[in-house]
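Going line by line, the protein sequences match chains G and F. Under my numbering, read the first sequence as residues 1 to 164, first letter to last. Under my numbering, read the second sequence as residues 165 to 455, first letter to last.
Be careful, since some hints might not be right.
[Stated by the list, open to error] Calculated lysine to any residue pairs in the SDA-like style (CA-CA distance at most 25 Å, straight line):
1) LYS353/F - SER14/G
2) LYS400/F - SER424/F
3) LYS129/G - PRO248/F
4) LYS219/F - LYS129/G
5) LYS353/F - ASP95/G
6) LYS321/F - ARG420/F
7) LYS129/G - THR139/G
These are computed hints drawn from the structure, not numbers from a lab. Values in this document were obtained by computation on a predicted structure and should not be read as measured data.
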Amino acid sequence: MAQYHLEMKVNGNSVALDIDPGLRLLDVLRDCLHLTGTKEGCSEGECGACSVILDGELVDSCLVFAPQASGREVITIEGVARNGELDYLQQAFLDAGAVQCGYCTPGMILAAKVLLDRNPHPTRQEISKAISGNICRCTGYAKMVQGVELAAASKEAKEGAVRA
Amino acid sequence: MPECSVYYQPESISEAVNFLASSERTLKPLAGGTDIVPAMRKGEMNIDGLVDLSKIPDIRSIKIEDNEIKLGSLCTFAQIERSPLIQTKASLLAQAAGAVGSPQIRSLGTIGGNIANASPAADTVTAFIALDAKARLESTNGTRSVLVSELLCGVGKTNISSNEIIAEISFKIPSENNQSGFIKLGRRKALAIARMNLAMIITLHDGLIDFARVSLGAVGPNPSRNTNLEEFLIGKKPSDSLIDSFAQFAGEEVSRMLGSRASAAYKCEAVKGIVRDLSSRLFLGSEQVVI
């Protein structure tokens, strides 16, 4: 079995490790780096539970060989809160009751984060499209869309207050 | 755990093709990975290793040269979908790229991979076929340029040799006054593999259609142009009645193409819906959605 020396950035920290190149980014995150917030669902890109942000793009980490991520920057759900303070999206999901069993939540939050980073005021349709690669088997989609709307509004209100 | 005894990460096309040519192992180029990663894990690949193209910088660009659009084979669907150049000059391709899979898959999957994978339902391939796109293949024997339609030779099959890599896909920019679009019929909106897809380009002269390209996916082993449907449109004036007769004829064509296949009864009816929808958009600028 070949070995591969992987260097990448995860949640702002540089990591370097020697791995089997057949491992997926998902395996490295969960099993080597113990970042178990990223979930394994279908393992074929249908469910989005393993979504992470790779160089600013939302990807399924079950569809990426770990060496493909070398030299790149990964953000997982563990990298979303800052200094112990929840991100707008995390707080809004709690406030909107958008979390049921929680399995899809990390992927949903990251999908929504990529959307809001590009488009701070999305329409409902844009939100639905942004989370269309994430399946919630509790079917709590309506609350999640509300959660994203709430996050967008609270972020704007806070940033408005700071500007004023 | 997949057996991956070779994992090579070249930094240039020449490094990649030299490695493919010199290795005695069975290797496969790895582009986005959205098909290969799960297939490897399921043990479906039967290869010794991978040549990962993701670190080659010069096969990701979108550019215009000599009245052609040239796309690096590792351009992702997301890149194509969002490119203002593709949106304005080849709208059907931007729409096709935007119809693939999910946001996650569009950030990873590549146009080169879509061709090499040779799925009957490949969304961007249907658009490339309508555009008469060519692929530039590189190997240690040199460069060859082949129509995408000629590279594909069956479900999951291509004429790409094991020592070749797709470096670029190019096509002539459709004339300024063209109308083009893409439509897909899936079992659901998100993440569906096309049950059928359709790409069209038309141009008008003095109110009459003087150029038409019609490409259908998932009604045969690979997407293909249907010249009968194209000829049907030439010289006609866009109208509601043309949309009706064109949709009717498309049903007959799909019925002929599929013969006695089990899906024929469904698809020869369903194609009328997508033809109607896309033709309305192109002929009348209407956004009515019939599916």
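Verification of the hints:
1. LYS353/F - SER14/G: violated (38 Å)
2. LYS400/F - SER424/F: At roughly 32 Å apart (the allowed maximum being 25 Å), SER424/F and LYS400/F break the hint.
3. LYS129/G - PRO248/F: holds (20 Å)
4. LYS219/F - LYS129/G: violated (30 Å)
5. LYS353/F - ASP95/G: Distance ~29 Å between LYS353/F and ASP95/G Cα, so the pair is violated.
6. LYS321/F - ARG420/F: OK: LYS321/F and ARG420/F at ~23 Å, within 25 Å.
7. LYS129/G - THR139/G: Holds. LYS129/G to THR139/G sits at ~16 Å (cutoff 25 Å).
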